[in-house]
Amino acid sequence: MLTSDMAFGQSGQSGFSYFIYSLVGVAVLILLFLVVQVADNLLAVEAKHIGADNGKANYSIFPRFNELFSPKAPSFVGESPVTFLKQGHDILLEGAPASTTIEEGTVTTFAIQPPNFIGLSPIPKVLVEVGDEVKAGDPIFFDKKVTDVKFVSPVSGEVIAINRGAKRSISEVVILADKEQKFRALPAYDLDKGNREELVAYLMENGAWPLFQQRPFNVIPAPGDVPRDIFVSTFDSAPLAPDANLVIEGKEAAFQKGLDVLNQLTPGKVYLGLNAKGDAPAAAFTAAEGVETNWFHGKHPAGNVGIQIHHIKPVGGQDKVWTLGVQEVIALGTMLSEGKYDGSRVVVVAGAEISEPKYIRTAVGAKISDLLKDQTVNDNVRYISGDVLSGQQKTADQFLDFHDDQLTVIAEGDYYELFGWLLPLSPRPSVSGTFPNFLFPDAQFKADTNTHGEKRAFVVTGQYEKVLPMDLYPQHLMKAILVNDFERMEGLGIYELAEEDVALCEFVCTSKQPLQQILRQGLDTMREQS
Amino acid sequence: MKKALLNFFQRIEPDKKKSPFLHTLFDGFFTFAFAPNTTTAKGVHIRDGMDLKRTMVHVVLAMQLCYLFGTFNIGHQHYLALGQYTGLLEGFHLKLAHGLIKIIPIFIVTHVVGLGIEFYYAMRKGHAIEEGFLVSGALIPLLMPPDIPLWILTVSIFFAVIIGKEAFGGTGMNIWNIALLARVFVFFAYPTYISGDEVWVSALEGTSVDGIPTYMSAEYGWAHGFFDWIFSGVGWNTFGDGGVLVADGFTGATPLSLAASGGWESVTSVYTESQMWWGTIPGSIGETSKPLIILGAIFLIATGIASWRIMVSMVLGAVVMGMILNGVSPSEFTEATPGIFKFMAIPWYYQLSMGSFLFAMAFMATDPVTASSTNTGKWVYGFLIGFIGMIIRVINPAYPEGWMLAILFMNTFSALIDHYVLEANMKRRAKRTQVAVS
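Protein chains in written order, with the numbering used here: chain A, 1 to 530; chain B, 1 to 438.
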């Protein structure tokens, strides 16, 4: 190009003949390429014709562009295709459990909290009074608008408090657990005989319905809703998140049973997202029956079910899909196989501010101070139900949220820092190249809650896209939400997102914008519209 | 030390209601000295260490080499014109002192006026002082000729900051690049101060010898006298009184204006390629030294602050247009060939090393607020700036440079580019979810 052009431009006759030669050369190359391309396409057509092409394998002689540059999948994946997610960021924090043994918990107080369920009216009908004895699986309350869906007690014990929040809404029903757990005996249900309606009625009556979360909006599904597909992510890539391979140990049968239940609930498929990065997933995940498995390789948020849905089969405004966590699937399976409501959960207690991070076997809605009973906790800390990105701030007297299996304790950052924006003296997690973090890729950080700057208007562009492995423009979506542009919100993919998916974008935001809050505001608006 | 400073700040904090302006001012300086103690409330519990102040200050850091060289080059060009101290390091102290005398007032006026307006609007709107002007204020002096009258500078900054930014809602809301707006205001309102052959070398004034107009160095002021006092004290050469005639054959023309009139031949008759590359040529203060600008650009890309997509695509656009121009220009020149064809015939790679192309690429086009905000859009945006800028530079008869106008033009259209990128995304999504439903 360079030489031919220069010659053409400057040196007259001899340059002209060079120009003709190079044109002929290019034409020959193009002809050759066309021949190869046609042959190659015929190959692909044939593959489709005999049904060998399932849309994922590559039957062309040319490697696909991403195959050239993507890292190699680890050996345990085998021949299965892997979705490599380039965007994302792993925030490495101090305070992960040193040991992988699960301790039996000594938590005595639990709560079931109506505000945990998005879409529930604020004052549900409470079926118990303070002083009542309940068994695990006994109904505690139901929504007055959706009377069939029962919310049940995770443990047996005595109701010791019914606490109210703003405008007399019910914030928590607190239960003091018995030493010996008693379970309400559920009627037996045979999966092979009943139809879907009976199964749905059984699950609603016995408290399993709130285990499901429905996208779009991340709400409890309405009784009549039929999900297009059901998605389960078998790994959590959030900072300090529990390892699902530990959680599943000893529960393999219940997990498979739970997947069988899911298969009856949807006319579509049940999809399992597997982690192709790090250690091999447990056999219960890789060898699960009746499901389609999909491997994902990438940094956080690769483990978020929303990201996986986007790459498997995205959600539009018309269709609904359900999502569950691994422990919810186990609870569902236990209900059908053993005839009891299994409120037990493995919870990771983590963070740099406690003496001994560890795994604890306890139940849904455990009290935070009970979880930390045998620990020394530093002063001036923040308790988070969930991970540091999308969890909820709690006090020590409050309880873990319904869907959370993680308690994180980090330092509060209410200090002034001299020239902190210019010359930060302590290491801190960041995706920015202006910090020397990239020199120490395995360094763990002791993060605190300081905002490291003040809120500003959106200025920097393109930074959200770097940590969100979706074909989506988060900044423009947020602006559409702020100006209430319905068409844009829908078009730019608000239905595909839940708070946890944009949490990392919020973390990296230079302008310190509250993206999760903005997104929920948009989701609420859209839900009211529909 | 830290505690004492913190106590001092907390003691002098003015009352917010009684004196809002003082409080805004206080808040600005306080948050400059101390990262605030605010903690995350809702949403994420930890935040990235990066904030807007840090982003902005890194852009300013990337320009520092241009500042250093630009300051020296003001003096160097002055003495080159007079035919004195023609070696690069000869009379270094004089060149540096002369450069400082020129650039410091420009820098101070820019910041006093710009930050003053910023503070005033922050007070009026009741929000914290935003950092946008840190970068604009650092850019504006680099874009100006060394002899720009300070009152013109003041007026242009008033125009740029008030009409260009505050009218749209402040930092992050403006449509056009603030620094370029200031320059384009001077360009259209006071063109004789920022274009032509006379403005790029500082402290010269017209005179005539035997009826032939020429230039001589203007009378030096009190600041030069002050430096003379110091320099004579330590036994160094001094500025003297001025009134020195320029050397024979002096022209203040920039390579581009030479190129516009006589093509590459007339450029190389005055400047060598290495002079143009290293930047010892007349021009706006910060634009001349290519390697230092490239270092700044590499710094911005490495830290991830400026978009490499815009820079790369802008180079591509300029190269493509440069090649087209090379292609359509006649291969042989006669006496009658107009200069424009000779300009067109300049090989595209020389076009990149002349004028302010690299400076515009590194610091002006990459402004995230006024550029396209989608990654695809950035490719289109950068490419079109390069493409159109080259057209304006070469084919426009009046003014042989195009980046300022091309960038402002594409600033206007950046939102339109984004619109189509978003529309495509929406269509793609609609199609995908429809497939998913069926």
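Possibly wrong hints are sitting among the right ones.
Result set (EDC-like, lysine to aspartate or glutamate): computed pairs, CA atoms no more than 20 Å apart in a straight line [what the hints assert, rightly or not]: (1) B/427 - A/465; (2) B/427 - A/471; (3) A/182 - A/243; (4) B/42 - A/487; (5) B/431 - A/490; (6) B/3 - A/401; (7) B/42 - A/414; (8) B/2 - A/417; (9) B/2 - A/414; (10) A/446 - A/417; (11) A/179 - A/243; (12) A/455 - B/166; (13) B/427 - A/417; (14) B/3 - A/414; (15) B/42 - A/190; (16) B/427 - A/487; (17) A/299 - A/243; (18) B/431 - A/487; (19) A/394 - A/412; (20) B/427 - A/490; (21) A/145 - A/528; (22) A/179 - A/158; (23) A/340 - A/471.
Calculated from the structure, these hints are not laboratory results.
Status of the hints after comparison with the structure:
no.: 1; hint: B/427 - A/465; verdict: holds (19 Å)
no.: 2; hint: B/427 - A/471; verdict: holds (12 Å)
no.: 3; hint: A/182 - A/243; verdict: violated (29 Å)
no.: 4; hint: B/42 - A/487; verdict: violated (27 Å)
no.: 5; hint: B/431 - A/490; verdict: holds (13 Å)
no.: 6; hint: B/3 - A/401; verdict: violated (40 Å)
no.: 7; hint: B/42 - A/414; verdict: holds (15 Å)
no.: 8; hint: B/2 - A/417; verdict: holds (9 Å)
no.: 9; hint: B/2 - A/414; verdict: holds (15 Å)
no.: 10; hint: A/446 - A/417; verdict: holds (16 Å)
no.: 11; hint: A/179 - A/243; verdict: violated (28 Å)
no.: 12; hint: A/455 - B/166; verdict: holds (18 Å)
no.: 13; hint: B/427 - A/417; verdict: violated (47 Å)
no.: 14; hint: B/3 - A/414; verdict: holds (15 Å)
no.: 15; hint: B/42 - A/190; verdict: violated (45 Å)
no.: 16; hint: B/427 - A/487; verdict: holds (12 Å)
no.: 17; hint: A/299 - A/243; verdict: holds (15 Å)
no.: 18; hint: B/431 - A/487; verdict: holds (15 Å)
no.: 19; hint: A/394 - A/412; verdict: holds (13 Å)
no.: 20; hint: B/427 - A/490; verdict: holds (11 Å)
no.: 21; hint: A/145 - A/528; verdict: holds (16 Å)
no.: 22; hint: A/179 - A/158; verdict: holds (11 Å)
no.: 23; hint: A/340 - A/471; verdict: violated (42 Å)
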